[in-house]
Amino acid sequence: METDSSVPDAQRRRLAEADAGAVPWRRWGPYLSERQWGTVREDYSDDGDAWSYFTHDQARSRAYRWGEDGIAGVSDDKQRLCFALALWNGRDPLLKERMFGLTNAEGNHGEDVKEYWFHLDNTPTHSYMKYLYKYPQGEFPYADLVTTNQARGREDLEYELLDTGVFDED
Numbered sequence: 000m001e002t003d004s005s006v007p008d009a010q011r012r013r014l015a016e017a018d019a020g021a022v023p024w025r026r027w028g029p030y031l032s033e034r035q036w037g038t039v040r041e042d043y044s045d046d047g048d049a050w051s052y053f054t055h056d057q058a059r060s061r062a063y064r065w066g067e068d069g070i071a072g073v074s075d076d077k078q079r080l081c082f083a084l085a086l087w088n089g090r091d092p093l094l095k096e097r098m099f100g101l102t103n104a105e106g107n108h109g110e111d112v113k114e115y116w117f118h119l120d121n122t123p124t125h126s127y128m129k130y131l132y133k134y135p136q137g138e139f140p141y142a143d144l145v146t147t148n149q150a151r152g153r154e155d156l157e158y159e160l161l162d163t164g165v166f167d168e169d
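Okay, so the sequence shown: first residue is 0 according to numbering that gives the first Met the number 0, each after it adds one.
What the hints contain is simulated information worked out from the structure, not anything from laboratory work. Heads up, a few of these hints could be off.
Straight line, CA to CA, 20 Å or less: simulated EDC-like cross-link-like pairs of lysine to aspartate or glutamate [said to hold, decoys possible]:
hint, residue 1, residue 2
1, Lys-95, Asp-68
2, Lys-77, Glu-67
3, Lys-133, Asp-75
4, Lys-95, Asp-111
5, Lys-95, Asp-169
6, Lys-133, Glu-159
7, Lys-133, Asp-155
8, Lys-129, Asp-76
9, Lys-95, Glu-114
10, Lys-133, Asp-68
11, Lys-129, Asp-111
12, Lys-95, Asp-46
Sequences and hints are given; from them, build the entire structure.
Put into structure tokens, the structure is as follows:
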């Protein structure tokens, strides 16, 4: 194994243990999709319209067949056991368990997730992970994002979460 001075000794040791098969350091990690609904993997429609077949609203009450999703999700490398955040700001009508977005027909530029999240840091063995999710303190503007984007044409800019003003007082 080449020596990389930018990798701390403990991390270098973990990588060597994982490569040797001695310790399963890579078994757990951020392998969970941030959005599984509305993907071709979950499309069983007659017309092949994956985006309209499985919407964000349906994701709360339908089981996925080929994967899972979640906010800041962590799973084993086969996705047999998955963990993710569930948030509630006291104002939303539902628990925030997955990223919200528009289907192809709901957005003026096609399907799009209307959230802000950032993977800030991660070691190669996932022994350390840092993630930032921006969740508004006010009610999340689900309906506003859908209706405003549906009303816009292809030449118009997308209506984004920041455009709703939901973060103005945060």
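| request: Given the hint that Lys-95 pairs with Asp-111, test it: the Cα-Cα distance must not exceed 20 Å. | output: Given that 20 Å is the threshold and the Cα spacing comes to 17 Å, the pair holds.
| query | Has the given pair, Lys-95 with Asp-68, been kept, meaning a C-alpha gap of at most 20 Å? | reply | holds, 12 Å
| Is Lys-133 within 20 Å of Asp-155, Cα to Cα? | Outside the cut-off at roughly 25 Å; violated.
| request: Starting from Lys-129, check that the Cα of Asp-111 is at most 20 Å away, please. | output: With a Cα-Cα distance of about 24 Å, the restraint between Lys-129 and Asp-111 is violated, given a limit of 20 Å.
| Does the structure keep Lys-95 and Asp-46 at a Cα separation of 20 Å or less? | Not satisfied, since the Cα-Cα distance of roughly 30 Å exceeds 20 Å.
| field | Straight-line alpha-carbon gap Lys-77 to Glu-67, limit 20 Å | value | holds, 11 Å
| task | Take a quick look at whether Lys-95 and Glu-114 sit within 20 Å of each other, Cα to Cα. | result | Judged against 20 Å, a Cα distance of about 11 Å means the pair holds.
| task | Measure nothing beyond the straight line between the CA atoms of Lys-133 and Asp-68; if it is 20 Å or shorter, mark the hint as holding. | result | holds, 17 Å
| request: Verify the proposed pairing of Lys-95 with Asp-169, using a straight-line Cα cut of 20 Å. | output: holds, 18 Å
| query | Has the given pair, Lys-133 with Asp-75, been kept, meaning a C-alpha gap of at most 20 Å? | reply | violated, 25 Å
| said: Next pair to validate is Lys-129 with Asp-76; report whether the Cα-Cα distance is within 20 Å. | reply: holds, 19 Å
| 20 Å Cα cutoff - pair Lys-133, Glu-159 | holds, 13 Å
Violated hints, listed in ascending order, are 3, 7, 11, 12; each of the other numbered hints is respected by the structure.
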